[in-house]
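**Student:** As a plain string of letters, each chain reads:
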Amino acid sequence: MTSRHEWTRRHMLQRAAQAGIGGAALSTASRFAAPAQAATNLQGPVNAFTWGGRIIPTEVADFQKETGIKLNFVGASGNSENLAKVKLGGGAQYDIVGVDALWVPKFYQEGVIEVFDMASWPQYNDMFDQFKNMSIWKVGDKFMAQPWAWSPLVLWYNTNHIKTPPTSIKFLWDPALKQRIALTRQQEDVIAWMGIATGAKKPYDMTKEELANAKDGLKRLMPNILKFPPQEEELVKLMADETIWVTALSAGGALRIKDAGGPLCKGFLPPEGYIGYFDGDCLVKGAAHRDAALAWMQHRVQAKYVMENFLKYRRPLAYRGPLDVLKQEGKSDLAHELFYDQPDLIAKMVVIGPPPNLGDYIDAFNEVAGS
Amino acid sequence: MFSTTRRIPLPLRLHGAAIYVFLYLPIALMIFFSFNRSPLGTFPITGYTLHWYQDLAEEDFLVSAFWNSVFVAAVATPVATLIGTLCAFGLVRAQFRLKPLFSSLILLPMVVPGMLLGAALLIVMVPILGLTLSIWTAAAGHVVVTTPYAVLAVATRLYGYDRRLDAAAADLGASPWRVLRYVTLPLVMPGILAAALIVFTVSLDTFGVTFFTIGTQGTLPMYIWAQVENGVTPTVNALGTLLIVGSVGILGCAHLLLRRR
Amino acid sequence: MSVAQTAGYVAPRHRSRSRWPIYAFLPITVMDFVLFVLPMLIMGIASVLVIHEFHVEYRLTANNYLFFLGSPLYLSILGKSVLIAAVVTLACLVIAFPFAYYLTLLPRHVQRIMLILVILPFWTSYLLRVYAWMTILGERGLINRALLGLGILDEPVRFLLYNNYAVVLVSVYLYIPYCVLALYTAIERLDTSLFSAAMDLGARPRQVFLHIMLPLTLPGVFASFIFVFIPMVGEYVTPTLVGGARGMMIVNIVVSQFQALRFGIGSAMVFVITALALCMVLALRRMARLEKVFGV
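Line by line, the protein sequences give chains Z, E and L.
Residue numbers for the first sequence follow my numbering, so the first one is 1 and each next one is one higher.
Residue numbers for the second sequence follow my numbering, so the first one is 1001 and each next one is one higher.
Residue numbers for the third sequence follow my numbering, so the first one is 2001 and each next one is one higher.
Wrong hints could be hidden among the right ones.
[To be verified] So, partial list: chain L residues that the calculated Cβ filter (under 8 Å) puts toward chain Z: (1) G2138; (2) R2158; (3) Y2162; (4) T2240; (5) I2253; (6) Q2259; (7) L2261.
[Unchecked claim] Result set (DSSO-like, lysine-lysine): computed pairs, CA atoms no more than 27 Å apart in a straight line: (8) L:K2080 with Z:K219; (9) Z:K312 with Z:K170; (10) Z:K178 with L:K2080; (11) Z:K258 with Z:K202.
Hint data in this document are derived by calculation from the structure and do not stem from the laboratory.
Note that beta-carbon positions come from the ideal geometry of N, C-alpha and C, so glycine has one too.
With the sequences and hints as input, model every part of the structure.
**Tutor:** See below:
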């Protein structure tokens, strides 16, 4: 079984490479300009402060081979902690920081990141229009972040135990799900889910009353919640061994659960709304290894790495390459299941961001979960 | 229950055996899962494999994290041991009015929650001292946390020290330096070595302080934390098994050193 | 050797002794000042200033402290943390006491090996040990598998993991070696002839324990409080991993304040917790005779 998976994977990578070469021919020689230039006079190492799922070992090894520059990778935790750390450490400490959705403008306002020009980069033309025209991430033609992954957070449920497909987010409160739900620990996201369920207009910018309702929702939901694990992978594991039956995970959640030896799960996007994210790598203001960092950012969006990253983490990326390969392979169903062919969802999701009253969100969470 | 002979009552022996089961059950499981084929790192048992040990060799970030940990501990150990030894000599041999307060303050870095001390250190190191976080700032953080252990270990040895030995050497014409070099230090050395071992151990496992004071090169606990957060793979179990094997070796050496007392 | 001659040699020794404190305390004083007192001082200053995210107003306020000390919720979480720490410490003491006594009864060379076996788990990563417990207590974990296999259970039980009991169990596991060390050192120094004397005089084992053994080993008990109780109040990892949805302890709350970019409130909490720790160390230090703890 593993070997078949390997075969598919290698095959897909080959297809991706072919597609990449095609793309390069279209977008003139600019695709190869960056690495060639990089080899000459860049100062490293590149200090990347980002999430684990953003970096695959092969691209790091290749980058070091091609340019002689080492990549140091520090695992990031939450957006607000990252903001505080980058604010303190600045460009001397970090060259690149991974940031989520609406946190990007916040980082920019706080003056910790700078904009850059991406139009000449490989795969730029391959990027979805939603990202090319992401006005909140742009100053003029320049970008605050290099788009990477995106996904709605899907409510996945175990079909062995939940026979009737849910039709509303209200199913989370079903007493039959006692201790069978887990959500990631990020407090403001949990509260935002509750906001969606209780009809808040802007779940990441709730009024006092809306926040009180959301808090009440969480209080009533607590008997059903087993745990708030720190990261997504633990949710996959809990779903796989059927400790929990429902969770919120990115696209491809059912595949990850199945790969972990878990049961058949189905996903559900509640009609009341759902949280989603898109993330990117930002260039830290005054980065000590600015040029090397930019070279790295260009290096990693090459078609083969985009494809490899997609195959490893199986959530949609900002680039069309893997989608095209899936379609050529006759796997349009898979692309659809992963929402890859529906970038218009980006405009419909309740996007992760910093609530203006972040403290109130965290208080609300603590008041329910701490009591 | 209070026997003065060497016959140990059965309940005590059973209790002792139960404690060792309690202490070693998780470690046995960890070793067991490092050879289990299931990629989950837990049950079910699906077969025997060495695959996870091979993976270990290929994990560049993991290997460098291991060496970073050893480096930090290797820097912190001599520094903390030296500072702690000096302080222990002072505490045992000097009397002064604020000694209780002073010695309590000295112990404090050991018991303040690491996450909180780390956050406080970050604020001093970066904006105030103008340092760039690195493996060296992490080592400095480790020295702060581990020095109290060194103080305690050396002080323990010093309290039992018969000062008449120093006096005798001095009477025989030895200079204070020679007394220290040829009499005091050799006799206190097991305590100093024990201190170094304890510092090294604590440093290897320090998480909270490292979390905030490390630069872009993570240590082993940081790597494992990221793994635990991302779902532990059997590769981590393999690593834990190797750590235990290495520990047995090092503790064997420690045992020999401590026996010299 | 004449008295004068002896005195002549004693003099330099006295001088060297008097110099000890200055040289000896200089490194630790400098280090602790720069890397402990100064950070705490800055937290102390931050805790009385008005800070909104990254913008500091140089205006004094008590609000950061009021937020924490005036909040029944956060005080109750502090109380819960202290309670859990107390339960863990007591459990450690109750389990470790007979064990430490048992160790002292073994032949000398066996004692050393047995003690090293107690310390050995320290040498694997703390995080790995917490994680290993998750594979024991989980719904598909060792205990459930064993009980299902033996036919004792029909359905796996779920109350083993992700609650306060799990936090206590795993913490006892993590901290008990410290406790064993401290108690062993205390018991090992006892003169066992006291027990037989008391027994000869008609004392019952319970009386021997309460009136002779326990009072004489109190330093070890107090040392356990320093090594187990205080760090346990500040546990972060264990409640995060095995504590379940309501598992937060006080340090989780402090970290959440920093996550909320409330640096003033976070600093006030750090300051209060550090002050509490200092008070406890001061109170316990003398009773614990800490210098004897590591007499392995």
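**Student:** All the hints need checking, so say for each whether the structure fits it.
**Tutor:** Hint check results:
Interface restraint check: G2138 (chain L) against chain Z, minimum CB-CB distance 7 Å, threshold 8 Å, status holds. Proximity of R2158 (chain L) to chain Z holds as hinted, the smallest CB-CB distance being about 6 Å (cut-off 8 Å). Annotation: interface hint on Y2162 (chain L) holds; nearest CB of chain Z at approximately 5 Å, less than 8 Å. Interface hint at T2240 (chain L): satisfied, since its Cβ lies 6 Å from the closest Cβ of chain Z, which is below the 8 Å cut-off.
Restraint check, I2253 (chain L) versus chain Z: the minimum CB separation of about 6 Å is within 8 Å; hint holds. Hint status for Q2259 (chain L): holds, given a least beta-carbon distance of 5 Å to chain Z, under 8 Å. The interface hint given for L2261 (chain L) holds, since its Cβ lies 6 Å from the closest Cβ of chain Z, which is under the 8 Å cut-off. Annotation: proposed proximity of K2080 (chain L) to K219 (chain Z) holds, straight-line Cα distance about 19 Å (limit 27 Å).
The suggested pairing of K312 (chain Z) with K170 (chain Z) is violated, with an alpha-carbon distance near 33 Å, which exceeds 27 Å. For the suggested pair K178 (chain Z) and K2080 (chain L), the alpha carbons sit about 24 Å apart, so the restraint of at most 27 Å is met. For the hint pairing K258 (chain Z) with K202 (chain Z), the CA-to-CA distance comes to about 34 Å; that exceeds 27 Å, so the pair is violated.
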